[in-house]
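**Student:** Let chain E serve as the given structure and place chain W on it in line with the hints.
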Amino acid sequence: MFFASMEQAVPRTMESLAVLVDFVREFLAAERLSTELAFDMDLVIEELFTNLVRHARGGGDIHVLLEHAPGEVRIRLLAAEASPFDPAAAPRVQIDLPLAERRAGGLGIHFVRELCKQFHYEWRDGVGTTTVVMGVTS
Amino acid sequence: MLELRVEPAGVVIVKGRLDAAESDRALAALAALPGPLTLDCSQMEYISSAGISVIMQTWKRLAAQGSSLKLVGLIPRVRSVFAYAGLDRVLDIQ
Numbered sequence: 001m002f003f004a005s006m007e008q009a010v011p012r013t014m015e016s017l018a019v020l021v022d023f024v025r026e027f028l029a030a031e032r033l034s035t036e037l038a039f040d041m042d043l044v045i046e047e048l049f050t051n052l053v054r055h056a057r058g059g060g061d062i063h064v065l066l067e068h069a070p071g072e073v074r075i076r077l078l079a080a081e082a083s084p085f086d087p088a089a090a091p092r093v094q095i096d097l098p099l100a101e102r103r104a105g106g107l108g109i110h111f112v113r114e115l116c117k118q119f120h121y122e123w124r125d126g127v128g129t130t131t132v133v134m135g136v137t138s
Numbered sequence: 001m002l003e004l005r006v007e008p009a010g011v012v013i014v015k016g017r018l019d020a021a022e023s024d025r026a027l028a029a030l031a032a033l034p035g036p037l038t039l040d041c042s043q044m045e046y047i048s049s050a051g052i053s054v055i056m057q058t059w060k061r062l063a064a065q066g067s068s069l070k071l072v073g074l075i076p077r078v079r080s081v082f083a084y085a086g087l088d089r090v091l092d093i094q
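Protein sequences appear in the order of chains E and W.
Using my numbering, you'd call the opening residue of the first sequence number 1 and step up by one each time.
Using my numbering, you'd call the opening residue of the second sequence number 1 and step up by one each time.
By construction, these hints were calculated from the structure, which means they are not laboratory data.
Any given hint could turn out to be false.
Claimed, not checked - Here chain W is said to cover these stretches of chain E; the calculated rule only asks that three of the stretch's residues, wherever they fall, bring their Cβ under 8 Å from a Cβ of chain W:
(1) 14–25
(2) 40–49
(3) 91–105
Said to hold, decoys possible - Just a few of them, taken from the derived set where beta-carbon distance is under 7 Å, the chain E residues facing chain W:
(4) Gly108
(5) Phe111
(6) Glu114
As the list claims (entries may be wrong) - Here are the simulated distance ranges between beta carbons:
(7) Arg5/W / Gly106/E: 29 to 39 Å
(8) Arg92/E / Arg79/W: 31 to 41 Å
(9) Ile75/W / Arg25/E: 14 to 24 Å
(10) Ala100/E / Gln43/W: 41 to 51 Å
(11) Ile95/E / Ala64/W: 39 to 49 Å
(12) Glu3/W / Asp22/E: 32 to 42 Å
(13) Glu7/W / Ala69/E: 42 to 52 Å
(14) Ala31/W / Glu15/E: 14 to 24 Å
(15) Ala29/W / Ala100/E: 22 to 32 Å
(16) Val6/W / Gly106/E: 27 to 37 Å
(17) Asp24/W / Ser5/E: 30 to 40 Å
Heads up, the beta-carbon is just placed ideally off N, CA and C, and yes, glycines get one too.
Only chain W is shown next, with the shape it has when bound in the complex:
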């Protein structure tokens, strides 16, 4: 299960598993939000390539609008998936 909670100042708390069962819903929810966005991933337990695709598409959408996407609080296992994808060096991950 995945829960997205929108907080003030463009912060979105991502809680649970961002997998292929949840990726369409997550992308649609994020697409409704203006940038800049900060995803608080400290409660994200898991991500797969479907979730990585959501992050990449959201980054591209915001970049095309001259805005930005930042990820904070990733647990080590989730961060390792970004590393496998070669995205830990190019995305704004803190």
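For reference, chain E alone in the conformation it holds in the complex:
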């Protein structure tokens, strides 16, 4: 059961990240949640958003929805996509390789998996929706 919800639509450019940072703080203030949550929420939203901007085949704004229920924050990103682009299906990265053999690719989705207790994707009628749930103390 999720209660209060806020939505922000932003263009598919990296300049949108600053708008989303402000949006997270507005949400935390409105929900009287700790600003301590901002870092992890920023990280999850940035990784999902930049993944869409860089790799998904679609156009138009990306809609970010934030919802709060007791003990949980749910983040959803909705984007028009010509075909399904499921970040939750991305292969897991190997973080135990020597540094010289490491690549940065895939780390963002790895962070999302580290920080979220639920992570799933659905595609319907040309719109992809990525949903993550983070546990919070509220």
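**Tutor:** What follows is chain W alone, placed relative to chain E:
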């Protein structure tokens, strides 16, 4: 916003947010500097995978030149991102 300030003795003060909006500019700025480098991260408020990529690429460039990269002063939240990436054990972080 991100600010990089080059100090004497290869010290670079990193201030602000090292995110995907700033990573290209940060990588280009660091690529212009010879090693060894010490990044003073005490005023770095945030880092994402794009910022981690900047650090990894800079480390690889300097290592290929026989030089080194050191990170100092990380706040706990920033350090935790390096830990998620498994880099806290392999990078020189103090």
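**Student:** Look at each hint and say if it fits the structure.
**Tutor:** Hints, one by one, checked against the model:
Given as covered by chain W, the segment 14–25 of chain E passes the check, having 5 residues with a CB less than 8 Å from a CB of that chain where 3 are the minimum. For the segment 40–49 of chain E, the proposed coverage by chain W is satisfied: 4 residues have a C-beta within less than 8 Å of a C-beta in that chain, meeting the threshold of three. Under a criterion of three residues with beta carbons nearer than 8 Å to beta carbons of chain W, the stated coverage of the segment 91–105 of chain E is upheld, 7 such residues being counted. Taking 7 Å as the C-beta cut-off, the interface hint given for Gly108/E holds, the closest approach to chain W being about 4 Å.
The interface hint given for Phe111/E holds, since its Cβ lies 5 Å from the closest Cβ of chain W, which is under the 7 Å cut-off. Because the beta carbon of Glu114/E sits about 5 Å from the nearest beta carbon in chain W, less than 7 Å, this interface hint is met. Between Arg5/W and Gly106/E, the C-beta spacing of about 32 Å keeps the proposed range 29 to 39 Å intact. Separated by about 22 Å at the C-beta atoms, Arg92/E and Arg79/W break the suggested range of 31 to 41 Å.
A beta carbon spacing of about 18 Å between Ile75/W and Arg25/E agrees with the range 14 to 24 Å that was offered as a hint. Range check, Ala100/E to Gln43/W: Cβ separation about 29 Å, and the 41 to 51 Å hint is violated. In this structure the supplied range 39 to 49 Å is violated for Ile95/E paired with Ala64/W, their Cβ-Cβ distance being about 22 Å. Taken as a hint, the range 32 to 42 Å is violated for the pair Glu3/W and Asp22/E, whose Cβ atoms sit roughly 19 Å apart.
Our hint of 42 to 52 Å for Glu7/W and Ala69/E holds, since their Cβ atoms are close to 47 Å apart. One distance hint, 14 to 24 Å for the beta-carbon pair Ala31/W and Glu15/E, holds here, with the actual separation near 23 Å. The beta-carbon spacing between Ala29/W and Ala100/E, approximately 23 Å, falls within the hinted interval of 22 to 32 Å. Checked against the hint of 27 to 37 Å, the pair Val6/W and Gly106/E passes, with Cβ atoms roughly 32 Å apart.
One distance hint, 30 to 40 Å for the beta-carbon pair Asp24/W and Ser5/E, holds here, with the actual separation near 34 Å.
Checked against the numbered hints given earlier, this structure breaks hints 8, 10, 11 and 12; the rest are met.
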